[in-house]
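A.B. asks: Make the full structure from the sequences, and use the hints.
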Amino acid sequence: MYTAPRGTQDILPIEQKYWHYVISKAEDIAKRYGFARIDTPLFEETALFHRSVGEVTDIVEKETYDFKDKGGGYLTLRPEGTAPVARAYIEHGLFNEPKPLKLYYIAPAFRYDRPQKGRFRQHYQFGGEILGDAHPLADGETISMLWQLYQELALKNIVFIINSIGCAQCRPFYLKALKDYYTKNIDGMCPDCKCRFEKNILRLLDCKEEKCASVAQKAPRSTDYLCLECQTHHNTLKAYLADLKISFRENHRLVRGLDYYNRTVFEAVPQDSSGQQSSIGGGGRYDNLVEQLGGPPTPALGFGTGLERIILNLKEQRVAIFEISHIDVYIAIMGSDGRQQGLLLATNLRQQGYRVLLGSGEKSLKAQMKQADKSGAKWALIIGEEEAQQKTVILKALQNQQEQQNLEQKALGNNPTKYLDKPS
RNA sequence: GUGGGUGUGGCCUAGCGGUUAGGGCGUCAGGUUGUGGCCCUGAAGGUCGUGGGUUCAAGUCCCAUCACCCACCCCA
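Position one of the first sequence corresponds to residue 64 (our numbering), numbered consecutively onward.
Fair warning: there could be bad hints in the mix.
Computed list of lysine to aspartate or glutamate pairs in EDC-like fashion (alpha-carbon distance at most 16 Å, straight line) [to be verified]: (1) Lys94 <-> Glu215; (2) Lys180 <-> Glu379; (3) Lys88 <-> Asp250.
To be clear, the hints were calculated from the coordinates, so they are not data collected in a lab.
Values in this document were obtained by computation on a predicted structure and should not be read as measured data.
C.D. replies: Structure below.
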């Protein structure tokens, strides 16, 4: 028997309401914040990710899906959304558009990871990028938008963790201080950390090993080494967040795993979940990425948030999502004339915009009525031989199970969010 | 890559080493001629993840393997 590849999942009809709920809200918010949609290919040249995400990051070292196509080109299924957007920005000369340019996407990302709760080899991200804006206002607006999304989805207890990791000017001083500090302490630390000490010293800070964590706790803080500009940037952002009444706290050990970040980095974390590792969103500033990839110097920042993790939290927090029936009318038919008339009527109603389920020609009327009830249709139309000959139909209003359940739920007042599964 | 747990029909699940592996949900068909939701009856559907082993006897014990889940790691 074939099964979905490890770490991937089928999103069955029963689950679709969650996805529709989150995606439609994300698009709605993106538009309200002035973001335009961009879609990039599922795969890119392998080198793009190596140059942007970083050669020694875990993502690039061992988690990408790489393949060679028949022309001999090296390609990689995108492990994240920012690099492709930056590439498209440069390739199509979008830097000629009025700045800042705000782009969003909803797309799958691929990482060869060991699957776990909320972690998949294919997962969907809602992401956004603001290109061509160096002011902390953009940082504030980005975090505010994500915050607003979580609020409107009715997710509770979300906290933002923020940090500043400095810029090209001040980071070298910080890295040197870190190196000095860790040179003295490296002996007792875990093998992973010893390796990171050589390759990417910043990552030592977020090691979860107990002994390493206590060392990291006392390590020099990046915020103490910021240049004046970075300091001002950081403080201004904090003031904006406080103004917006967004729950946030600083954590000097927050270091994100992608090399292109500078200055602001942040993560969104559900507070009450037992572990603190399960961030549902994150992002940061990447002022040098566009230039690194061959574009003009372009300060920028972005965010990504995982749809599976949002849905997981919606379920854990028991956010009620109502799905009003997707069927308006069920047409039950009998006899060859009835079938003929039923098909015509169904087509006619569908042309007028109704959602119509036409009964099976081989089921009894009783069976069709049962199906009508389960379908959630509000109305049943019955066409038998008699009706077909007299060109009439029997119209019957249905008070079906689903409707009753919804009424009960509403009576209980258990509706922190209302959601109608209607296109417009 | 490292540790731990689980694996019984589409879903949930009972099953102290021993008769034809039970139940619930769902599906399908009926409960008098053309009508739903409740109720009743019946049916279909399982090589008990897979492969070895122990035993007179294995869903039940042992080993291996695979898959899934959880944690580490990493991140969305």
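A.B. asks: So, for every hint listed, does it hold in this structure?
C.D. replies: Hints and how they fare:
{"no.": "1", "hint": "Lys94 <-> Glu215", "in the structure": "holds, 14 Å"}
{"no.": "2", "hint": "Lys180 <-> Glu379", "in the structure": "holds, 12 Å"}
{"no.": "3", "hint": "Lys88 <-> Asp250", "in the structure": "violated, 50 Å"}
In summary, the one numbered hint that this structure violates is 3.
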